[in-house]
Amino acid sequence: MKACSVEDCFAPDTTCAHGHLSLKDCPNWTSQEKIDSKSSDEGTEIVLPWSGSALGRTDLSFVTGRRTPMMIGILGPENAGKTSLLAAWYLLIGRGANIGNRHTFSGSFTLSGWEAVARSMQWTPGTPPEFPAHTSTRGVRGQGLLHLAFREDGNRLRDYLFTDAPGLWFQRWAINEQAPDAKGARWIVDNADAFILTADCAALAGDDKGSARAAIQLLARRLGANRRGRPVTLVWTKSDITVAESMKFSVRDAVSSQVPGFEEMTVSMQAPADDSHGQGTGLTALLKHTLQIRRLKQVLSPSHVNATDALFLFGAR
Amino acid sequence: MTQVLAQSMLLVGESGVGKTHYGAQLLKRLLNSKGRFRMDGAASNLEPFEATMESLNNGRSAAHTPTSTYVDSEWPISNKKGLTFTLVWPDYGGEQIKKLLATRKIPSTWRARVENSSAWMLMLRLQQLRVSDDLLSKPLARLAEEEAADPPSDEPIQPSDQARMIELLQILLYLRGKGVGDATNIPQLCLLLSCWDELGQSDPPEEVLKRQLPMLSDFITSNWKHPIILGLSALERPLDKSVPDEEYVTRGPEHFGYIVLPDASTTQDLTYPLTALLDPSEENS
Chain A
229 MKACSVEDCF
239 APDTTCAHGH
249 LSLKDCPNWT
259 SQEKIDSKSS
269 DEGTEIVLPW
279 SGSALGRTDL
289 SFVTGRRTPM
299 MIGILGPENA
309 GKTSLLAAWY
319 LLIGRGANIG
329 NRHTFSGSFT
339 LSGWEAVARS
349 MQWTPGTPPE
359 FPAHTSTRGV
369 RGQGLLHLAF
379 REDGNRLRDY
389 LFTDAPGLWF
399 QRWAINEQAP
409 DAKGARWIVD
419 NADAFILTAD
429 CAALAGDDKG
439 SARAAIQLLA
449 RRLGANRRGR
459 PVTLVWTKSD
469 ITVAESMKFS
479 VRDAVSSQVP
489 GFEEMTVSMQ
499 APADDSHGQG
509 TGLTALLKHT
519 LQIRRLKQVL
529 SPSHVNATDA
539 LFLFGAR
Chain B
-12 MTQVLAQSML
-2 LVGESGVGKT
8 HYGAQLLKRL
18 LNSKGRFRMD
28 GAASNLEPFE
38 ATMESLNNGR
48 SAAHTPTSTY
58 VDSEWPISNK
68 KGLTFTLVWP
78 DYGGEQIKKL
88 LATRKIPSTW
98 RARVENSSAW
108 MLMLRLQQLR
118 VSDDLLSKPL
128 ARLAEEEAAD
138 PPSDEPIQPS
148 DQARMIELLQ
158 ILLYLRGKGV
168 GDATNIPQLC
178 LLLSCWDELG
188 QSDPPEEVLK
198 RQLPMLSDFI
208 TSNWKHPIIL
218 GLSALERPLD
228 KSVPDEEYVT
238 RGPEHFGYIV
248 LPDASTTQDL
258 TYPLTALLDP
268 SEENS
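So the protein lines, in turn, are chains A and B. Residue numbering for the first sequence follows this note's numbering, beginning at 229 and increasing consecutively. Residue numbering for the second sequence follows this note's numbering, beginning at -12 and increasing consecutively.
Just so you know, these hints were derived from the structure itself, not from any lab. As the structure is a prediction and not an experimental result, all values here were calculated from the model. Built from N, CA and C at the ideal position, the CB exists for glycine as well. Some clues are possibly wrong.
[What the hints assert, rightly or not] Here's a subset of chain B near chain A, in silico, CB distances under 7 angstroms, partners left out: (1) 93; (2) 150; (3) 202; (4) 205; (5) 206.
Throw the hints in and build the complete structure from the sequences for me.
Following this line, the structure appears as structure tokens:
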């Protein structure tokens, strides 16, 4: 339940959307206060503009304010390992995994969100960890964007946002682009700068492999139609499970026909038998790859000038 | 002509990192003119450290600082070059930091402190902070080999130690109005890894930090151009609350305690972090 009547204001959870450091100064808030009388000393405290949890659409403006972040949309059917991938990245950064000298972790405004995602993969004494729990479709803020900042080459700072959304959204969207329960998926596809499309090896080798194949083909088709030239990486998750070559071929074929020029990577939480670093397989490589993706350059159409006045000819070709 | 610079130190540390012990030992060094800096006049208020200094004189460790306390003590200090500073050294219960992180509401007093401070000193006790094992570092296959030693705890989920410290620094940077990313124009940061004697490490402090808390280490090196990372053992050995340490009693607490320099060598001069923060040119002399 929102306390403030202003649409985009989530005070007192975050700072006042109209910029009042003290809520007492905000005309919208004081009118509310008559209803809620217990907030007497809130005026002397500053509320932080970020809550630490995964960012919602309104919260975004705090991060996007300093520079445009790269938004990576992670797409895939339910249980394909999207959230596990994020959790693994966070844990690897937390343990100082080598993601190359070019990028140094430089902060995150969604640390609690990352922690929540990684929680179920962490060991607490006596309890075996599991892969992250299902991302629920309920809750408006549930969609969540997770933020990471990296300093590149010790110089420039880059912000990244990773979407953490339930697979059901994408399944609905693949079937019906205008489905009301695919609103979140449409938002991600509209706004992301690059995509990671997950193909679940466990599902493609399991009992329902036929429908798993169909689901990813359908999703690739829909993504292809909405791609607008943005980079797509096909990621085989849970790659410790062997998938029949013919099955891999048909998925790859479907993706390449819809999303030409895609890249392909393989990840697994299981490390190769001879590896003792405990970094899984391909996870750091995929993170490195993702951090190097660049936004498409916009090409402005050249200006054609017919005038003879030198002022209007400036810069024309 | 002597130049008087008012330097307010923002000392940040959770409870149990040894803020008061260090304050008391630093004060003793300044009063005895043992280090690079010495007390140049009388401090405004020594009350917060009185009880602690008394305990240390008797070879005992001091009691915990109450949560609600926050006392600023002004120390006029000068170094050999004649540079004079007014050092504002605070003493408070570390739970205030915990509360700040838990409620995510910053009292205006804290905001003013962050805004007006010229240098930040963050004290960490590495024994209190760790990175848990996870599915990647300890795969499921190995679970069978190591049967659960401890019963599952019912404790509520806490953010990991690294995330908590990073969030704390991000909040300080935000209050400073700089956000993360502006490496210029932010106060110099000195990281003190306290209770160094308990760690049993002989490597440089920076490497120890990188090994134990890699994400925090990355965050600091990425946002501060030249952070100062030192080890600190304010007491040199653990003291008991009730049983006095005889050597402490006879030799005096000012003969104990050391700083571990970036090259892993040690110095008895507990005022070294002040030199590094206030007058960096002096650092190597």
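We went through each hint and held it up to the structure:
1. 93: holds (4 angstroms)
2. 150: Given a least distance of 4 angstroms, the restraint on residue 150 of chain B holds.
3. 202: This interface hint holds because 5 angstroms falls under the 7 angstroms limit.
4. 205: holds (4 angstroms)
5. 206: Cβ of residue 206 of chain B sits 6 angstroms from chain A, so the hint holds.
When held up to the earlier numbered hints, the structure conflicts with none and fits them all.
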